[in-house]
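Q: Protein sequences, first through last, are from chains A, B, C and D.
Going by our numbering, the first residue of the first sequence is number 79, and it counts up by one from there.
Going by our numbering, the first residue of the second sequence is number 79, and it counts up by one from there.
Going by our numbering, the first residue of the third sequence is number 173, and it counts up by one from there.
Going by our numbering, the first residue of the fourth sequence is number 173, and it counts up by one from there.
Any given hint might turn out to be false.
Said to hold, decoys possible - Distance windows between CB atoms, simulated:
#1 C/E414 to A/T358: 55 to 65 Å
#2 C/R333 to A/V329: 40 to 50 Å
#3 C/E414 to B/D348: 37 to 47 Å
#4 D/P401 to B/E196: 19 to 29 Å
#5 A/R372 to B/R262: 21 to 31 Å
#6 A/A350 to D/L421: 42 to 52 Å
#7 C/E264 to B/T123: 23 to 33 Å
To be verified - List time: in silico DSS-like cross-link candidates among lysine-lysine, alpha-carbon distance up to 30 Å:
#8 C/K419 to B/K192
#9 C/K211 to C/K419
#10 A/K309 to D/K269
#11 A/K192 to D/K419
#12 D/K447 to A/K309
Read the hints as simulated data drawn from the structure, not as lab findings.
A virtual CB, placed ideally from N, CA and C, is assigned to each residue, including glycine.
The primary structure of each chain is shown beneath.
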Amino acid sequence: MEFERPLDELEGKLASLKHLDVSEQPELAAEIAELEAEVARLHETLYAELTPWERVQIARHPERPKTDDYLQELFTDVVELHGDRLFGDDESMFAGLATLQGRRVAVLGHRKGKNTNENIRRNFGSPHPEGFRKAERLMHLADRFGLPIVSFLDTAGAYPGLDDEDRGQALAIAECLAALSAVRVPVVVVGIGEGGSGGALAIGFGDRLIMLENAYYSVISPEMCATILHKDARRASETSACLQLTADDLVRLGLADAVVAEPRGGAHHDPAMVFEGVRTALGTALESLSAVDRATLPDSRYQRLRRIGEIAGG
Amino acid sequence: MEFERPLDELEGKLASLKHLDVSEQPELAAEIAELEAEVARLHETLYAELTPWERVQIARHPERPKTDDYLQELFTDVVELHGDRLFGDDESMFAGLATLQGRRVAVLGHRKGKNTNENIRRNFGSPHPEGFRKAERLMHLADRFGLPIVSFLDTAGAYPGLDDEDRGQALAIAECLAALSAVRVPVVVVGIGEGGSGGALAIGFGDRLIMLENAYYSVISPEMCATILHKDARRASETSACLQLTADDLVRLGLADAVVAEPRGGAHHDPAMVFEGVRTALGTALESLSAVDRATLPDSRYQRLRRIGEIAGG
Amino acid sequence: MPISDWFKAREQRKYTTPTEASTPSDVPDGVWVRCEGCKRTLYMGDLERELMVCPSCGRHHDLAAPERLALLVDEGTFEEVDAHLRSADPLEFTSGKVYSEQVTAAEERTGLNEAIVCGRAAIGGRRAIVGVMDFRFIGASMGSVVGEKVTRAFELALAERTPLVLVTASGGARMQEGMLSLMQMAKTAAAAARLASAGVPYVVVLTNPTMGGVTASFATLGDVLIAEPGALIGFAGPRLVEQTIRKSLPKGFQTSEFLLEHGMIDMVVDRRELKDRVALLLSYLAAGDE
Amino acid sequence: MPISDWFKAREQRKYTTPTEASTPSDVPDGVWVRCEGCKRTLYMGDLERELMVCPSCGRHHDLAAPERLALLVDEGTFEEVDAHLRSADPLEFTSGKVYSEQVTAAEERTGLNEAIVCGRAAIGGRRAIVGVMDFRFIGASMGSVVGEKVTRAFELALAERTPLVLVTASGGARMQEGMLSLMQMAKTAAAAARLASAGVPYVVVLTNPTMGGVTASFATLGDVLIAEPGALIGFAGPRLVEQTIRKSLPKGFQTSEFLLEHGMIDMVVDRRELKDRVALLLSYLAAGDE
Ligand SMILES: [Zn+2]
Ligand SMILES: [Zn+2]
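Only chain A is shown next, with the shape it has when bound in the complex (with noise of 0.2 Å):
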């Protein structure tokens, strides 16, 4: 990633020199000390104190722990269940059955791929309107037998697209938001890399929010925002921060119920980590929803979002 280029640099340079051979050149091994000493430092300061921007950049990397990924290290027995029973299926959007830790839950979410074909096919993750109908028809088959609904997000956006437009991308994304907000049953959702506005959205709220560190969620990209306001998308550092989009961020606004922390330099560097860490926060939600009285979910899940905003004069 761009702002890890100084580090890249310094490691390179440290490499190379570990190549040597020592004991020929004696002057050397105090060399290797001080660098060794000056990566680390670099390291500690590089990403202690990370920039929105770079958390961005950090979220969309493409080793990053993808939903797939979170299906293979937390579930069993996953089913997919696959077309929205109107035009297509679409592979960008997960939708399926799964158990987690013994809890049958339903599972959706965003799909990247892991290699250029994959994300073709995927559309990179971007889902066009049959992906939010199937995430609908799978929502209202969890309401129907009483599935938790486990989301996974990890998108751009939705997909702007000339077809997305002719078959109503902004009514599947409603009608996902409408039906999200009244299933009988707990939902909990995952930030655990990009979540791109309303594409985002359709499946990204409910009764819990668990955000990755890096993970951010965002009425509108970086760059777009940059592009908007500066006619300049470079710069998006700015405007990421301004939009408070990032997990910590959340939390504050009052959005977010969790934050798992991710290893020193994003989630790809330690993925079993982030698998436990997101193990662990979705038992504890799962858990504490499940005591709740089933048929008063919608009623607080809309609660929790009636308090949601800030009005002067309210």
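Dock chains B, C and D with the ligands against chain A, hints included.
A: For chains B, C and D with the ligands alone, kept in the frame of chain A given last:
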């Protein structure tokens, strides 16, 4: 129509004779009188005992009053509602709100055109999946707002196209059937022309079924039945008798509740008479259903369906 | 007919079950058969061990109702219901073959009373109401009896709050029963709607072929729609579609895989994994009731 | 601000109403204006008599909230609610313009407190809760206040079992309120779902332009969706779509007529017939309650 050809010929001959000056050829007067008597006799015998296949032809007559005519003649304040909110607006299916003698209702109807242009736009009255999904949407709307549903049947059947299969023609019909069975408002169906198979049934059952005298309602078109059984579509006359598809057949089978008389030769010979008959039959049906507790309607509709079918060893 | 009779019938070579190496009646010497998919000649025993799935090309050959039951439900758990219902000839339909004679011939040929067999069973240890259709019985078309048995299966599932699993195969409505047949679509769809609103699970397994009025009614109203690989599933028959569009049909048109791609079904499942998958699905859909 | 103040405001030339031949503030000499559709020069009085619909090309020019109310509701029946709600600056957003200053400027320019005005009214003699958006107020984007006022309108309609009529116009979510703005989509959609399940009618009039987060939430959840002719309605902005597909957009893309053809809205209604049409629709949808 084919079976009217002898009559057409006779009437043509009569017309050409009448064209001549009788005063110059007094012997013609007798010939004309005789011919007139013969026309009257033929008229009587031709239409007195119409075969099922002749009725099918009358039901398909291009000048036969259509859903649009009933909308215009029987209803006021018609508001058409377009679209399935998913993919398209199917002009072969009418969906809307209208007022029948002061009674506010929701109206569905297959829609044939009055001319070639209109027929192409309306796909000759054969709905695509979007038509059924629009109808389903209206069913839910009528249910939510307590509007009785009046449905006019006039289709050769759901369209057997390639794209229609792609977009789930079967599923669209199935969803319509499920929705219509469950609405908590009275449903009155009027067979005004063709009642072709699943495409008719999708909006074609309810709490009352009124059939025009020469309308038909069939599990399969007589031609296709003949093709399957005899590899010869020309044996449709035979199969249309076997299929028991006329209004009288439906009454006998316990499926239709009322038959609206048509003028000799078919509704197009005196549309006003048929409009009056349908108006009266609809008024009677809606009036009798208005006395019923609406919460009980889905159940009694189910019981009505439940009785259909003949079984040995049952 | 109770399940015990089926085994008797099988001994009388009316049925084959793919779980045992038997010699089905329609294979002259009983040893070699030709795969309808890859045209390879196969040893019947191999084919049966694979539940009539070609080990070479994966072609899923049609199954009779008893064969289907044998691979889907736990052994010895099936109790048939409504076995006594038999088709009448309400229209006295005589165009082409005489319908009543057709029914009798189908009964004799298949040993079944109609094109669907319904009952209570267990699947992977889970209770279910199960119905399986048999295409050999007048193309498993839906007349009054099929409609009635399907409706009763829905009602039984509702009354006992037990998941319903239907395995479909059908050419569509049974035209020899005219409008009584068409109305079975509405009747079964209405029964499905009642089960759905009661929150009782309903899983459908669509097998080759499922067409017309069955696809356009109860068969596609399931909570989960499974299809076997390569099954033909659609509304209009492919020949009719071809005539309508006056072009040749794209490869794979109306197959399970085509429907999956077009978003119409939840999954395509290999027959050899079908029972496990259905059992797993039931464990999810019945979770709320447990 | 009660309706009486609007008339005062209008006298102070902050508003024009199309029902009277007045001289709007943004027309220099007040007499001639250029139609944005056909580019013809029109007499302002003529345009206003036609409710700002060009008599020559039918172009529906944007209306301010008071103008919209004047043509939609029965004279003298409008009682505003929640007029006191004003936007805070929860994020202290300063990239580009300072948000709090932008709000103040919009208030002064429009005489409104926010981008939507809500209240009780009668339409053709029928009671309704009415909300109209005003694009002049920061592009009628939805921040906390718009979301809150829309939600309260749903709740008022529910509490009084009175039909809701919303006239939308919006550029989308208000990015200056960040995630608080995005969440208004979920909040308003949830409120719409509650109204729908209670069976209280909800009619939407989509006007030019209605885009982004508003289209993707409460604006398309109406029982009936009406659009004015030629309005731009969609999710993604046309320029973004063009960049995405790297082709030029088809003519009429994202217009009302385009949406009608694609099945997304119920009807396109000329502004001069709008009030009658809404009143008629309410008479149908409220029929069950009468
Ligand atoms: Zn093979
Ligand atoms: Zn103009």
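Q: Look at each hint and say if it fits the structure.
A: Hints, verified against the model:
1. Look at C/E414 against A/T358: about 58 Å separates their beta carbons, and that is inside 55 to 65 Å.
2. C/R333 and A/V329 have their C-beta atoms about 43 Å apart, which keeps the hinted 40 to 50 Å range intact.
3. For C/E414 paired with B/D348, a C-beta distance near 42 Å keeps the hint of 37 to 47 Å intact.
4. For D/P401 and B/E196, the Cβ-Cβ distance of about 23 Å falls inside the hinted range of 19 to 29 Å, so the restraint holds.
5. Between A/R372 and B/R262 the CB atoms are about 25 Å apart, so this pair conforms to the stated range of 21 to 31 Å.
6. Separation of A/A350 from D/L421 is about 47 Å and conforms to the stated range, judged on CB atoms against 42 to 52 Å.
7. Judged by the Cβ atoms, the range 23 to 33 Å given for C/E264 and B/T123 holds: they are separated by roughly 27 Å.
8. A hinted pair counts as satisfied when its Cα atoms are at most 30 Å apart, and C/K419 with B/K192 qualifies at roughly 28 Å.
9. At roughly 27 Å between alpha-carbon atoms, C/K211 and C/K419 fall within 30 Å of each other, so this suggested pair holds.
10. For the suggested pair A/K309 and D/K269, the alpha carbons sit about 13 Å apart, so the restraint of at most 30 Å is met.
11. With a C-alpha separation of about 29 Å, the suggested pair A/K192 and D/K419 falls inside the 30 Å cut-off, and the hint holds.
12. Distance hint between D/K447 and A/K309 is unfulfilled; the C-alpha atoms sit about 41 Å from each other, more than 30 Å.
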